[in-house]
Amino acid sequence: MTIETVFLMVFALGSLTGAVAMFFLRHPMRVALALIGTMVSLAAIYAQLGMHVIAVFQVLVYVGAVMVFMIYAIMLLDVRDRSFTERFSPLLVAGLAGLLLLLGVLIDGLLRGQPFPAVDVPPDAFSVSTFAIVFMEQFWVYFALTAVLLLVAEIAASAVIDIRRRGQDVAAVRAERGDDHG
Amino acid sequence: MMQDLVVHGVFIVYAVLMLMTVGLVLTWVERKQAAIMSDRIGANRAYLRIPFTQVKLIWWGLFHGLADGLKMLLKEDWRPNSYDRMAYAVAPWFAFVPVMAVFAVIPFGGELVPGTFFGWFEGTSEWFGDRSYAMQVAPLDAGLLIVFALGGIAVIGAMLAGWSSNNKFSLLGAVRAGSQMISYELVIGLTIVGLILIYGTVNLVSIVEQQSGVLFGFIPAWGIFLQPFAAILFLVAAQAENQRIPFDLPEAESELIAGYFTEYSAMKMGLFMFAEFIHIAIIAALFTTLFLGGYNLPYMTDAGFLLPGGFEIALPHVLVVLLQITVFWVKVFLMCGFLILVRWSLPRFRYDQLLSFAWRFLLPLALINLAITAVAVWAIQGIGA
Amino acid sequence: MDDTTFLLALSGMLFALGLVGVIVRRNLLVMLMFLELMLNGVILSLVVFTQMLGAEAGAVLVFLVFVVAAAEIAIAVPILLLLVRTGRTLDPGAYAGLKG
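Protein chains in written order, with my numbering: chain A, 77 to 258; chain B, 560 to 944; chain C, 1066 to 1165.
Don't read these hints as lab results, they were simulated from the structure.
Even glycine gets a Cβ: it sits at the ideal position worked out from N, Cα and C.
Among the clues, some could well be false.
As the list claims (entries may be wrong) - Here are a few chain A residues that sit away from chain C, every Cβ distance over 12 Å (derived from the structure):
1) Asp157
2) Gly171
3) Val236
4) Val246
5) Ala248
6) Arg250
7) Glu252
8) Arg253
Unchecked claim - Each pair of labels, with its calculated beta carbon distance range:
9) B/Ala930 with C/Thr1151: 37 to 47 Å
10) B/Ala626 with A/Thr206: 45 to 55 Å
11) A/Val197 with B/Trp618: 53 to 63 Å
12) A/Gly174 with C/Leu1118: 30 to 40 Å
13) B/Ile778 with C/Ile1144: 46 to 56 Å
14) B/Ala697 with A/Gly174: 58 to 68 Å
15) C/Gly1162 with B/Pro639: 38 to 48 Å
16) B/Leu564 with A/Val169: 44 to 54 Å
17) B/Phe775 with A/Arg242: 20 to 30 Å
18) B/Ile778 with C/Leu1118: 39 to 49 Å
19) C/Lys1164 with A/Leu177: 20 to 30 Å
20) C/Gly1162 with B/Val901: 53 to 63 Å
21) A/Leu167 with C/Thr1151: 23 to 33 Å
Please model the entire structure based on the sequences and the hints provided.
In structure tokens:
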């Protein structure tokens, strides 16, 4: 039981605790905090596996951007309604049964796939410089493609919001004119 | 393995102690510098009385920091009614921990060879042997990226604090603080990318080492000479990230009482304030590492001085290490002094001015700087090859 | 059970928990967060395989998945905000009219 395995188990326990806590917590803000805990534990697992670049990006992108956005939305949308008193849909029992079934299938498949092949990994395979070089030399096409798709999605989102707002303005103006004539 | 543990343990203790001390001293420096700038004396009432005598030590108001700390500890920890208890308790730690953790990747000295450093104790130098350690708490390859990542976590602290206070004004302050911090974080990232392009690495130790050469034969190759524009942009954006005046609208007294930490008192408020002051030191430390050559004097390397013209002065290892540690903190304090100067000279921005300053002024400037740097690096490398 | 199997089992558990969470919980924001948990579970398995095989392409793919996940949240949350502005509740049952 090396110290690396101990670290992995500790952080795995942390992430699992976060995930299970997410399931049972009532308030969306606490669910978000539990998710942040899970994500940070996962980042620690990535760092323990030696992939520090991925660990840093996990914290930077997921916790620093995605979760900040979610917390922002939760802050502004603190609507107390049925979802607070009734956390779970009527499908709860079926869902939990499905969970156990899915877990069984996944772990069975996992145990069948053993043993995993051992490959010689050079020690600095995942350093920042290797990552950057491989990224820019071999995968820049996918990077550019992703950027274009993101731009398209962003324009679509702004267009949807603008159409909606223009729709609201038109409706407001029509309502006024209707009141004037009526 | 034990030697690694011991050395890094010493580094961690050093880092924590120095940061706490610097945080406390900075409160005093801020007061005194503000007083000098406003042509007054400043706070000089807190004293320590030597027991069994009537000698009162005032020491130019240095004990006011101690008094503040005691006040924070001993005040009543008042908790508002019907709030989110967990988020309220956790928020100050979200703001405090990243600020302390960033120091883990900042190099505060060059190479430390403990065997030579403790040369006069024979047992110790034998035990350490030939090992050399970079004087950094965590020798990580992705140093700068970690700085950005931890900056992102601090935003969550501010927003949680304001939201969980069950107070509309705190919520408003939290929304303002969150928007401001996110916008200026983006600007900081973009200004640093030009520097990463030039140095070709995100490892802070490597960046500092590359600044110990010379440009054009006699100017020290500091980042501020390579990227002066980015240095100014970084300083402005980092101050805004830390919510110092002139960017401190989220906690402005005349507007929102205390913004997102209105409902905090005693130690939790103390954590927020302390985090803010340590953040000043961290900004100064980052600026020193990236733009001012880090822990080295001009023309100094790990072995001694290498003056222009080929003149060499070799120094013993102990002297080099102590000199590097001292020079680092001197530079950090000079930068802190400059930040305090800015704070006490400028009025604060209005909130929409603040955001349009980030998005319509600093961001385009950072992008232009990045474009010019990229073209220049490509041209110089093309000429070199 | 060695480390790889352990971590892959963890990834499976996170994915399964995320999936069931999306189905069972009754708050739109919480459902979005369980979607993120599912994605994190998959990324964990991707990272484990990347480390096992030493393939740099895996690291780049993980980075691109992060980027796409961030963009997806950036679009999903405003859609949710617009929806809640009219529906005035975060209970997905109220939006059953969106079906079909």
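Quick rundown of the hints versus the structure:
no., hint, verdict
1, Asp157, "5 Å, violated"
2, Gly171, "4 Å, violated"
3, Val236, "8 Å, violated"
4, Val246, "16 Å, holds"
5, Ala248, "15 Å, holds"
6, Arg250, "18 Å, holds"
7, Glu252, "21 Å, holds"
8, Arg253, "23 Å, holds"
9, B/Ala930 with C/Thr1151: 37 to 47 Å, "43 Å, holds"
10, B/Ala626 with A/Thr206: 45 to 55 Å, "53 Å, holds"
11, A/Val197 with B/Trp618: 53 to 63 Å, "58 Å, holds"
12, A/Gly174 with C/Leu1118: 30 to 40 Å, "32 Å, holds"
13, B/Ile778 with C/Ile1144: 46 to 56 Å, "54 Å, holds"
14, B/Ala697 with A/Gly174: 58 to 68 Å, "43 Å, violated"
15, C/Gly1162 with B/Pro639: 38 to 48 Å, "40 Å, holds"
16, B/Leu564 with A/Val169: 44 to 54 Å, "51 Å, holds"
17, B/Phe775 with A/Arg242: 20 to 30 Å, "58 Å, violated"
18, B/Ile778 with C/Leu1118: 39 to 49 Å, "48 Å, holds"
19, C/Lys1164 with A/Leu177: 20 to 30 Å, "26 Å, holds"
20, C/Gly1162 with B/Val901: 53 to 63 Å, "56 Å, holds"
21, A/Leu167 with C/Thr1151: 23 to 33 Å, "26 Å, holds"
The earlier numbered hints that this structure contradicts are 1, 2, 3, 14 and 17.
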